[in-house]
Amino acid sequence: MSVQTERADTAAAPGVRESEASPPGPKARTQRRGGAPAPYLLLLPALLATVVLLGWPLIKNGMLSFQNLNPRQLILHLTEWNGFDNYTEVVGSSDFWKVVQRTVVFTAVNVVLIMVLGTLVGLLLARLGKRMRLLLMLGLVLAWAMPVIAATTVYQWLFAQRFGVVNWLLAKAGWESMADYNWFGTQLSTFSVIVLLIVWQSIPFVAINLYAATTTIPKELYEAASIDGAGVWKSFTSVTFPFLKPFLWATTFLEVIWVFKAFPQIFAMNAGGPDRLTETLPIYAFVEGPGNQHYGMGAAISFLTILILLGLTAYYLRTVLKQEEDEL
Amino acid sequence: MKRPVSSTASRLWPNVTAAVLFVVFAFPVYWMFATSLKPTGDIIADDPVFLPTDITFDHFERAVGADHFWTLVGNSLTVTVLSVVFSLIIALLASFALARMRFKGRRGFILTFMIAQMAPWEVMVIAIYMIVRDADLLNSLVPLTVFYMIMVLPFTILTLRGYVAAVPKELEESAMVDGCTRTQAFVKVIFPLLAPGLMATSLFGFITAWNEFPLVLILNKGIEKQTLPLWLSSFQTTFGDDWGATMAAASLFAVPILVLFVFLQRKAVSGLTSGAVKG
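Quick note, the sequences are listed as chains B and F, same order. The end of the first sequence is residue 328 by the UniProt record's numbering, with every number in the run present. The end of the second sequence is residue 279 by the UniProt record's numbering, with every number in the run present.
Any given hint could be a false lead.
[Unchecked claim] Straight-line alpha carbon distances no greater than 35 Å define the calculated DSBU-like cross-link-like pairs of lysine-lysine that follow: (1) 60/B x 98/B; (2) 169/F x 219/B; (3) 188/F x 104/F; (4) 98/B x 169/F; (5) 60/B x 104/F; (6) 322/B x 60/B; (7) 60/B x 221/F; (8) 245/B x 169/F; (9) 188/F x 169/F; (10) 245/B x 172/B; (11) 188/F x 245/B; (12) 322/B x 104/F; (13) 322/B x 234/B; (14) 130/B x 245/B; (15) 234/B x 130/B; (16) 60/B x 225/F; (17) 169/F x 225/F; (18) 219/B x 245/B; (19) 219/B x 130/B; (20) 98/B x 245/B; (21) 221/F x 322/B; (22) 234/B x 245/B; (23) 322/B x 219/B; (24) 234/B x 219/B.
For the record, the hints were derived by calculation from the structure and aren't laboratory data.
Let's have the full structure, built from the sequences with the hints guiding it.
This is the structure we're talking about:
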């Protein structure tokens, strides 16, 4: 039963490719090749939806980023092209580069914590007896399934200045000055809460899928390793780790994508505050665009954000595309 | 070689760690429910009450009694269910073609959907806002439904494709030998076997649409067309430090997802593995 559960996790998890990685197999293909319009007709609605609803906003975003679009133009429905003005202004402002730097550090801290802790929890799951494993799984699934905004609200309450359980705990543990600490008063403390929230919600995905992957490692490999005199550490580095490496690699990049564009956690926690100091790129684009009514600027920031994200994940995208091409 | 001295300890520490981790992961969820059921006196206590003995539903009454609550529930349900159903229908057609047919450009289609799956919707909201505004559809549920549909569509297609491919071809072929047309074979043979796949993908779609925040934040400023995530995120501001009501609101919002997750996750796998294709 537990094996089934894991398969569901994999299938229900956004972005995981295992289910697709099982192609029909090299069976004899009896279908006609080319010619018949049936497959194209079947694909038409999906393609149309993707082109119109994803392609059009992308193009629109590009077009907006070359326009001067402030409240006046917005209300009067004016289209005022201003060339690269938005881009020169964005790239020329030190605020933008501060936000870029902040976003990269924020992403790195989150992803490293998620991957390291998630791997450790996953390996722990593999070591546990059945009952303790189920218990820990239950905890993980609860954290995983918790809707983001609900989780954000709960964290605000956990870290509330007055009557928050975290401050109480810290004070009880002897750190008296934390009794009335305002977590949302400084950049570092606000980020700490946000990182904790994101890491708490993301570990289950890594841990449960990693555990599922370990169950597929052939036992013979461990036997062979122990015959060769490998200890616990050696059999980890020579059997477990190489086996999990592709999974860890792919998951790291997925986490980079997810954390980099994280929006609700940061926005609902403290709206990028205090003093706009916890704005990451998606929030920054939102505050500059719709917030301060500079839609052209916001679009330029969005576009640059997408480019940075592409740059960070280009290597992963390339391996995925290559892999798929080999497979098809 | 194992060191016998530490064997008890080495058997104990994983279990102790697991127990501690269970508390770490489950506590916030527990605390949400616990707070929502405690009388206010226990919530604003100098020492937190960890095991509520006095159960009250006052907070839930206040949360449910908030302005427009039922309108927002209706909006959230409408948008979520419709977008999931539409994406399932479109994805079924597409995934069947991708899993079962050979044709030119098939690889290109799959790659397109794989890339579409990673679209950073969070940073595209400004463009979507302008498009929706130009179409005069601000403060409407239609754009939300349509864009939630496309947010989950690529994942639905790619996942369903795996499930369709997993249904043995022989089943379909023997139905066709018995005189079914291809469409009939699909409806009568493949479709019932896809139930687990449909559940798995609709679970994902449901979670995505139910949780979506940035798009509705920018598109629908009018309260009567908003959805629950917006309501919940503004609840604390509206109700001040009424943590009991806020946690009750959070619980109301989270329960459908928690229930679906636990329930559908089991169901989603039972069908495929229960031996529809024995012998």
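Within 35 Å, alpha carbon to alpha carbon, are residue 322/B and residue 104/F? Roughly 18 Å between the alpha carbons, so the hint for residue 322/B and residue 104/F holds.
Take the C-alpha atoms of residue 322/B and residue 219/B, compute the straight-line distance between them, and say whether it is at most 35 Å. It holds: about 30 Å lies between the C-alpha atoms, which stays within 35 Å.
Sort out whether residue 60/B lies within 35 Å of residue 322/B, counting only the CA atoms. 30 Å, holds
Sort out whether residue 104/F lies within 35 Å of residue 188/F, counting only the CA atoms. Holds, at roughly 28 Å.
Do the alpha carbons of residue 322/B and residue 234/B lie within 35 Å of each other, as the hint requires? 32 Å, holds
Measure nothing beyond the straight line between the CA atoms of residue 169/F and residue 225/F; if it is 35 Å or shorter, mark the hint as holding. 46 Å, violated
Restraint check for residue 234/B with residue 130/B, where alpha carbons must lie at most 35 Å apart: 25 Å, holds
Is it true that the CA of residue 98/B sits at most 35 Å from the CA of residue 245/B? 34 Å, holds
Verify the proposed pairing of residue 60/B with residue 98/B, using a straight-line Cα cut of 35 Å. 27 Å, holds
Take the C-alpha atoms of residue 60/B and residue 225/F, compute the straight-line distance between them, and say whether it is at most 35 Å. 25 Å, holds
Pair hint outcome, residue 130/B versus residue 245/B [Cα-Cα no greater than 35 Å]: With a Cα-Cα distance of about 26 Å, the restraint between residue 130/B and residue 245/B holds, given a limit of 35 Å.
Satisfaction of hint between residue 219/B and residue 234/B, Cα-Cα up to 35 Å: 15 Å, holds
Checked against the numbered hints above, the structure violates hints 4, 10, 11, 17, 21; every other hint is satisfied.
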